[in-house]
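Go by the hints and put chains F and P onto chain V.
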Amino acid sequence: MAIKTFRLQVATSAGTDIINITPQVARIASGLGDGALLLFVPGSTAALTTIEYEKGAVSDLKAALERLAPRDMAYAHDSRWGDGNGYAHVRAALLGPSLSVPLADGKLLLGAWQQIVVCDFDNRPRTRDVIVQHLPA
Amino acid sequence: MAIKTFRLQVATSAGTDIINITPQVARIASGLGDGALLLFVPGSTAALTTIEYEKGAVSDLKAALERLAPRDMAYAHDSRWGDGNGYAHVRAALLGPSLSVPLADGKLLLGAWQQIVVCDFDNRPRTRDVIVQHLPA
Amino acid sequence: MAIKTFRLQVATSAGTDIINITPQVARIASGLGDGALLLFVPGSTAALTTIEYEKGAVSDLKAALERLAPRDMAYAHDSRWGDGNGYAHVRAALLGPSLSVPLADGKLLLGAWQQIVVCDFDNRPRTRDVIVQHLPA
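Residue numbers (this note's numbering), protein chains in the order written: chain V, 1 to 137; chain F, 1 to 137; chain P, 1 to 137.
Just chain V, same shape as in the assembly:
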């Protein structure tokens, strides 16, 4: 047994972009039998979670994050560095960069309406790496 490491790339747009990466993760998983996946997004303005990936729920999550850390508030990070992405750092820290998902017979054990998403909160388009690691059974 040994952990195997895979890497996805995801192109994101500015603002709070929430992208469904389930198809790419499922493609990796399909060759892997049983075990678990550890997922991680490097970067301090992005996060990973799961959601029902339909337009309504995704916009409801964005609205909740806007209430929690409004984009246009004054942030100390922006005063110090002029980045304009203080809201993004706060949102990313609250959601967190890591996730684990179990695997059976090469299939992700997600719920029927549950998808894996990368949330990119930064205020400019980015290309994000997502690191996917397989812990075999």
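The reader is advised that the hints may include incorrect statements.
[Claimed, not checked] No more than 20 Å apart at the CA atoms, straight line, and that leaves these computed lysine-lysine pairs for PhoX-like:
(1) V:107 <-> F:107
(2) P:4 <-> P:107
(3) F:4 <-> P:4
(4) F:107 <-> P:4
(5) V:107 <-> V:4
[Said to hold, decoys possible] Here chain P is said to cover these stretches of chain F; the calculated rule only asks that three of the stretch's residues, wherever they fall, bring their Cβ under 8 Å from a Cβ of chain P:
(6) 23-33
(7) 74-85
(8) 94-105
Hints listed in this document are in silico derivations from the structure and should not be mistaken for laboratory results. Remember, predicted model here, so these are calculated numbers, not experimental data. Even for Gly, the Cβ is constructed at its ideal location relative to N, Cα and C.
Chains F and P alone, transformed into the frame defined by chain V:
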């Protein structure tokens, strides 16, 4: 070494039900020696976290979630699908479906007042699976 | 292959103390080659996440947590137990106690501006253990 996968079932009630699954997880752990557990709840309206499982702290968490994603707000998810559980999707995405807990000598390395909980936010009773995977030392 | 378990100790101050533990975690990682780390903080008033560890972003995160679960609100936990740390339990449950970080050639695969932090929300100074487990490749 190989990952072993276990499954718990938890009956939940409608609304925001927060259930202590530490006894069931501890029972699984008791046979397992050292290592770590990965926990995952399938479904887009449930989440896992830890809390001091006493009535006060649990109701304080519910109140905070109600401020963050009020049950009776208008949700785009509900407008599109009529499910009435838009709040549940937002709460679940913010808390996240996965958790890891270290294990020593068959015991969970939790704090003295720290319990593992499933949060079911859905607006109807459910039976939830929780997947528990053991990574051995 | 076998999981190896390490333990860090972190002295914290009262209130919401956010401490950068990346140097200590990187020191552990430096001897470990490839794989992944699982991190866990025992205790119901502390949490783990990542953030750009600079004064501005850290104070922005504290301000968001203060909006989410204000320190001076009435908490049912405090009414029942008189602990005065109801806000701490809510904040810890929302952020969560666990995190995973991938490792390549003994280096943490964090973003350039991303640091691992312990958040101690308790209302008195503590010494926190952080458990770091290595899953080897």
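So which of the earlier hints does this model not fit? 1, 6 and 7
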